[in-house]
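A.B. asks: Here the structure of chain B is known, so what remains is to put chain U in place on it, guided by the hints.
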Amino acid sequence: MRCRNIYLISTLLLMILGSCSKMLDQQPEDGIIRNNYWKTKEQVHAAVIGVYASLMGDPSNGAKNLDITLFKWGELRGDMLAASLGASSNDIEVMNMTTQTANPIVDWSPVYKIINLCNTVIAYAPSVLENDQTFTKDMLNGYIGEMKTLRALMYFYLVRSFGEVPLKLDPTSNDDQIVQMAKSSQADVLQQIVKDLKDAEPLTLTTYGNQASDKGRITRYTVDAIEADVYLWMENYPDAVTACDKIINAKKFGLIASSTAWFTTLFRNGNSTESIFEIQFDQQKLNDFYNMFGASSKEFIASNKVMDEIYTTEISDSTNAQDIRSAGASVRAEDNVIWKYVGSNATSMIGNSDSYTHWFFYRYADVLLMKAEALAQIPGRGQQALDLVNVIRKRAGAPASTQESPDVNNSDELSRYILSERAREFAFEGKRWYDVLRYAKKNNYEHISYLQDFVAALVPANMVRLVKEKILDHNSHYFPIYTYELETNKLLIQNPFYQ
Amino acid sequence: MELYGESGIVPSSMQLNNLRWETVVGTNFGVSLAMFRNRFFIDAEIYRNRTKDLLFNGLEIPSINGFNSVNMNVGTMDNQGFEITLQTQPYKSGKWKVDFTFNVAKNQNIIRKISEFYPVEKGNVTTNGTFKTYMQINNPFGSFYGYNFLGVYKDKEATLAKDEKGQLITRPNGDPVYMTFSYPSIGYTFQPGDAMYEDVNHDGTIDYRDIVYLGNSNPQLTGGFGINVSFADAWRLSTFFNFRTGYQVVNGTEMNTTNMYDYDNQSTAVMRRWRNEGDVTNIPRALYKAGYNWLGSSRYVENGSFLRFRTATLRYVFQKPLLQRIKAKALSAYLTVENILTLTKYKGQDPEVSVRGSDPFRVATDNSMTPPVKMFTLGLTASF
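Protein sequences, first through last, are from chains B and U. Here the first sequence stands for residues 1 to 499, numbered as in the working numbering. Here the second sequence stands for residues 500 to 883, numbered as in the working numbering.
What the hints contain is simulated information worked out from the structure, not anything from laboratory work. You may find that some hints are simply not true.
Straight-line C-alpha distance at most 27 angstroms; calculated BS3-like pairs for lysine-lysine [claimed, not checked]:
#, chain 1, residue 1, chain 2, residue 2
1, B, LYS490, U, LYS551
2, U, LYS828, U, LYS594
3, U, LYS621, B, LYS168
4, B, LYS252, B, LYS195
5, B, LYS468, B, LYS305
6, B, LYS298, U, LYS788
7, U, LYS661, B, LYS468
8, U, LYS788, B, LYS468
9, B, LYS183, U, LYS621
Just chain B, same shape as in the assembly (with noise of 0.2 angstroms):
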């Protein structure tokens, strides 16, 4: 009796050991881990592609959209948005310049996880040239040119929401790798950005043989977009117009031409010879959008300002001259609506499942304008300047009303038309915030009394006064960093203005 429950427990202990051992090694059964990854170059394609897909979100987590999180940093300081029915008090607060640290808007993990993508496959992909004799140089170097591209994307979106930012450019792939890391300053991510774009330039290809892939994946002239945005934050004005001629010279891009279908081929479907980079949202990955401007609990739509002010479509205007860019593509005339990304054409609007138009990152209208502008700090080409906003404004069929007749020898004047000017073409694509900081901080803030009186525009009256003092220290300028951020990471410092 003894004897047999020896055995028993004897037989039980041996089968817990052994399980254990088992236990320990358990892998993954419906995933593959990284020992196994990385060593052909199907899987470096099947990775990158994968980073450009995680630019639509990140489906595995519910994590916060990056459309979502580059519209509102781009927007929702600027003076076209109103708070619609659906706006959380979160939007208000960073609509009234009152942003706190624990806003979730100011959250930039939707970012850095791009980031952190495009670290993995800078530095994992060299690998695979060992394991993959099929894999050669040159496509490795036009993958790391890619990521390296769109790394500095992120950074530059980054850099000018926060001004100084943790420069992270080493993957985290396990637990040996999480690390904590001070911000750098805003000089040294911007050396960084440039370094990246400088490296990746001549890698890059100029076509990946198909429209969807040459819109979606970033191509040589996707670089120098960024290069000339880049150079223009910087006030490097002869480089950004380099960066811009090199696009401009490929003869490859044109402006799409005013007609019924206009809307539809630039916006709504997309991927036209207008545009550079895009994220290729479709039927299978839907934005966020047709929530945020279409449904009726929607966050936002147009401010009073955009069609009175920006636009200034008069309806008893004789000559009927209205802008194509204004009602029935940047706005619903009638109720505001942010048509951009609800509508299927000018006149209907898409429903709740097709919520699919993509998000613009740069098009040929940009590279002129951006042209424009750096022209107009160079002495003696303001007229090339003023030639090239001409440009935009024919082909948008401007009206009289919008019509400025600057100074081509006054910078200043000039480049205070290029501002509306920009905030007609982009409409809701995130850059007016940027365009208007850009504005204000060159010439070491030259025009903060322009931001000033921007922003005091756009608070409740008994706010103004104090958002006029705010404005004066440059900090607030710029987003605190989320409280979860500096609760994880001690080694950030808040933004001294929200300290």
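C.D. replies: Chain U alone, transformed into the frame defined by chain B:
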């Protein structure tokens, strides 16, 4: 993931090289003493359960790593304290027997070592309803911080900012300065009818520099005692009391029913709220989804010490002659009453808030809308 017909792959989670089993080492030292023919019995114990490689599921990590959370062994935590139990039979004569039991305990959770990724503080003091808590190595969990609530600004004059001598603060041009909230990042100017918080540093603005220690969620002592009286082996009355001393409770019910921030039902106390210039009250004005009237402050913190008469049971055990007649082995009838009486200064419904757990940032908050249920149970036990 797919993109224009091509498939892409992304890592869904990171590789874990460092995950280890969590180990718990328990140490305790106890004394049991029985004296006077078991009429006096004492049992004392000091214990410490040390958890090494404390496993934290989904620890939040800086998002610059591209992932938001990871499972990690974060450190060493001690769960320590003491327990004393005393049993005596102070009176015994003839048919009467009186027993007395008493126990007292103290329990603390202390972090001894912690991963650099573990947050050291929680709570945003510019958000309504939030208290600030810190985690300090070698200090027990439980302290929480917030503003000192002084009442309600009765009129415009009351919102003028004053320095430490009670003199008005003025701008360089002589204009008076009004009290603001978290200037300049929020810069909300307090209006008559808003909650008034103490400007501890007298700088004219209420912000994180004005938060003070408000209390501790961890009781100094918890325990209970009971008296059992039996007569002639037939009647038995047993009672049990429990108590906690030296801890503070956040009256979450008061917070939720007087904040007037949403469409939720409110307490009748809000009838006393500030409505017109000059009203003197301690309930701020109603502000729908706006304002800073219910920040984590002393207004909601109360002494949670209590003594509760938890249960009383009166039992009658039927005696042999009856049992034999109905052929039963045992038969008894009883009446139990629970939650009979609570002696406390706490104004909310129930100061007995669960305080155990390993979240170092937990604040003992009472959200109960009804008092603990008073329960009467009438029973009959029989065995055949």
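A.B. asks: So if I understand the rule, the pair passes when the alpha-carbon distance is 27 angstroms or less; does LYS468 (chain B) with LYS305 (chain B) pass?
C.D. replies: 20 angstroms, holds
A.B. asks: Would the hint linking LYS661 (chain U) and LYS468 (chain B) be met if the CA-CA limit is 27 angstroms?
C.D. replies: Answer holds: LYS661 (chain U) to LYS468 (chain B) is near 24 angstroms, not above 27 angstroms.
A.B. asks: If you draw a straight line from the CA of LYS298 (chain B) to the CA of LYS788 (chain U), is it 27 angstroms or shorter?
C.D. replies: 19 angstroms, holds
A.B. asks: Between the alpha carbons of LYS828 (chain U) and LYS594 (chain U), is the straight-line distance 27 angstroms or under?
C.D. replies: Holds, because 23 angstroms separates the two Cα atoms, which is no more than 27 angstroms.
A.B. asks: LYS490 (chain B) and LYS551 (chain U): Cα distance at most 27 angstroms?
C.D. replies: Holds - the C-alpha atoms of LYS551 (chain U) and LYS490 (chain B) are around 23 angstroms apart, at most 27 angstroms.
A.B. asks: Is the Cα-Cα distance between LYS252 (chain B) and LYS195 (chain B) 27 angstroms or less?
C.D. replies: 26 angstroms, holds
A.B. asks: Assess, step by step, whether the Cα of LYS788 (chain U) is no farther than 27 angstroms from the Cα of LYS468 (chain B), and give holds or violated.
C.D. replies: 25 angstroms, holds
A.B. asks: Can the restraint linking LYS183 (chain B) and LYS621 (chain U) be considered satisfied, given a maximum Cα separation of 27 angstroms?
C.D. replies: 22 angstroms, holds
A.B. asks: Sort out whether LYS168 (chain B) lies within 27 angstroms of LYS621 (chain U), counting only the CA atoms.
C.D. replies: OK: LYS621 (chain U) and LYS168 (chain B) at ~26 angstroms, within 27 angstroms.
Against the hints set out earlier in the document, no violation occurs for any number.
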